[in-house]
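**Q** Next come the chains, spelled out residue by residue.
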Amino acid sequence: MAEREAEHSDDAAVINRAGVAALLQALVDSGHHLVGPTVRDGAIIYTDITGLTDLPQGWTDRQAGGSYRLERRGDAALFGYAATPQSWKRFLHLPTVRLWRAERTDDGFAISEAPEPARKIALIAARACDLQAIAIQDRVLQGGRYPDPGYAARRRDIFVVAVNCGSAGGTCFCVSMQTGPRVRSGFDLALTELIDGDRHEFLVEVGSPGGAALLAQLPRRRAGGDDVAAAAAVVARTAAAMGRAMPRPADVPALLRRNLEHPRWEAVADRCLSCANCTMVCPTCFCTSVEDTISLDGRTAERVQRWDSCFTMDFSHVHGGSVRASPRSRYRQWMTHKLSTWWEQFGTSGCVGCGRCITWCPVGIDITEEVAAIAASDGAGGARGTP
Amino acid sequence: MAARADGASAPFLPRIARVRSRRRETHDTWSLALDAAGMAGEPGQFNMLYAFGIGEIPVSVSSDAAATGPLVHTIRAVGAVSEALAALRPGAALGLRGPFGTTWPLAEAAGGDLVIVAGGLGLAPLRGAIRRALAERGRYGRIAVLYGTRSPADILYRSEVERWRRLDVEVAVTVDHADQRWHGNVGVVTKLIGRAGFAAAHATAFVCGPEIMMRFTASALEAAGIAPARIHLSLERNMKCAVGQCGRCQFGGSLICRDGAVMRYDRVRPLLTIREL
Chain A
1 MAEREAEHSD DAAVINRAGV AALLQALVDS GHHLVGPTVR DGAIIYTDIT
51 GLTDLPQGWT DRQAGGSYRL ERRGDAALFG YAATPQSWKR FLHLPTVRLW
101 RAERTDDGFA ISEAPEPARK IALIAARACD LQAIAIQDRV LQGGRYPDPG
151 YAARRRDIFV VAVNCGSAGG TCFCVSMQTG PRVRSGFDLA LTELIDGDRH
201 EFLVEVGSPG GAALLAQLPR RRAGGDDVAA AAAVVARTAA AMGRAMPRPA
251 DVPALLRRNL EHPRWEAVAD RCLSCANCTM VCPTCFCTSV EDTISLDGRT
301 AERVQRWDSC FTMDFSHVHG GSVRASPRSR YRQWMTHKLS TWWEQFGTSG
351 CVGCGRCITW CPVGIDITEE VAAIAASDGA GGARGTP
Chain B
1001 MAARADGASA PFLPRIARVR SRRRETHDTW SLALDAAGMA GEPGQFNMLY
1051 AFGIGEIPVS VSSDAAATGP LVHTIRAVGA VSEALAALRP GAALGLRGPF
1101 GTTWPLAEAA GGDLVIVAGG LGLAPLRGAI RRALAERGRY GRIAVLYGTR
1151 SPADILYRSE VERWRRLDVE VAVTVDHADQ RWHGNVGVVT KLIGRAGFAA
1201 AHATAFVCGP EIMMRFTASA LEAAGIAPAR IHLSLERNMK CAVGQCGRCQ
1251 FGGSLICRDG AVMRYDRVRP LLTIREL
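So the protein lines, in turn, are chains A and B.
No gaps in the numbering here: position 190 of the first sequence is 190 in the numbering used here, and each next residue is one more.
No gaps in the numbering here: position 276 of the second sequence is 1276 in the numbering used here, and each next residue is one more.
Some hints could be false.
As the list claims (entries may be wrong) - Derived list of chain A stretches under chain B, where covered just means 3 residues or more per stretch with a C-beta under 8 Å from a C-beta of chain B: (1) 89-103; (2) 140-154; (3) 287-294; (4) 323-331; (5) 339-348.
Note that these hints are calculated values from the structure, not bench results.
For each residue, glycine too, the CB sits at the ideal point set by N, CA and C.
Throw the hints in and build the complete structure from the sequences for me.
**A** Now the structure itself:
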């Protein structure tokens, strides 16, 4: 997949609903498993889909701190919703993955990799924040000295059909994080849904040679200047409607570094349940644990890697107890990692502004509000001590 | 697939090592000498050791890779995995990944005095560095080993520590709790710093022990005149992957498996005073 910036280029085209159906079918025909949005259990989730009829046509979501509700739209939009509860992380950085198996031998034991074959998947309707999240996980999981071979294998062959957001979700703040709502890179094709009266079309932009080849197979027409302008207006409207913003994101890493003893951490800990929801729904949170198990006959053993959360006590356990025993220290770890120390570790922010941590927090803690509170009394709690 | 010596192509896959010999150091601590072809580790680095079916833990290297002789790991049996590892008998197999992490900067220390301060099991990660320094004794000025431990019975590498005394090393040991036969120092290890003979302006310090001990030791070393950039600490956090991906060993902006465990005091000092970081 090419990393070049997409412009509203000459190769942009316009397709209709039938074109979207043909796009999905063409991906299936070329051996891809479709993973995309569908309505299930009162939410729009990313899961395996078979085609156009699985898409959440006419549905949207209403999101707020600690609240998510599906609602009917007044139109037949296919992509008229915001961030899903779970991100694409579930398909690339798997919730559980067996790393290896070991078997007893006469003189000890032998260990063998037991990789599950990577599926060739197509991500349908990935948003700008989603793609930025994947780019961030790429840095963490395959950008260092020891790339995760399983992640790299799953990641390598994905085909990305991106969607420019047609409306702002209730908890989004991608504009302030400069990650959306328009997709910039990391996709093969990008759609912008154009709905106006009886019109229901999609501007398609090309992000890779593979995307161009696929587009060439679809029933389409060449995009005109008015199509391109209409798509730009959709994105601009979404950006303008965004209700939340991270205050001065460029200053946040230093702000948090110098406020590790700020009283706000106590205040947020009074509300935080340490439930780990924010880390599970976050599209960039990558932390894992491993579990070693052994068969009842003692002959075989295996190691499984699982998503873990910095909100658990076990996460920071060393001989003698947990380093981060208080909810205050665990929330501080999560937020300072996401917004500040991630820069030092991986050269990027760990936040994409998708708002999932706000929506799925049972008590509606808002990361932008917590940053604003610390910024408003910068330095409260004193400078960091000396020995 | 040809694996690099450090397993970069299959970072999660342990290789098999075998116990060559096993030696009891204290009532709960054993040293394992391993046959681990091609797998070693520099002083300051660590390996991930796996006990079949039980689990895996990081254990620092206690040998000197530059010397002939096996890879040595010293293990205190305090949990399920460390108990299983410490109980392994000669010939037994274990899994090993590594080596990982940064090293004690011995080359940087050459030409000046070397001050080594250990607390408890913290002597284990320093043993390889001490052995290396003794093997190339002429490269350093004075060498001081200051070692604090709980009680006389908890002294690690007891005969070796005595041998160091005879090899032109200033060795001072202090215990928290003396017994009737102890006639040495009693008290915290920082009390030994003032009495140690070193020229601070050109001295380098290596410190390993409990975090609170390192914080006060580093502060005392700085007060004694050693520049913070020449004081090196070996930090500890929970660790699962050792390759910068499990997120558990974060210490502020550092990943201890990748940026440590040996880290410069001037870089971590502000974080050492933050509770529950």
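**Q** State the violated hints by number, sorted upward, taking the hints as numbered earlier in the document.
**A** none
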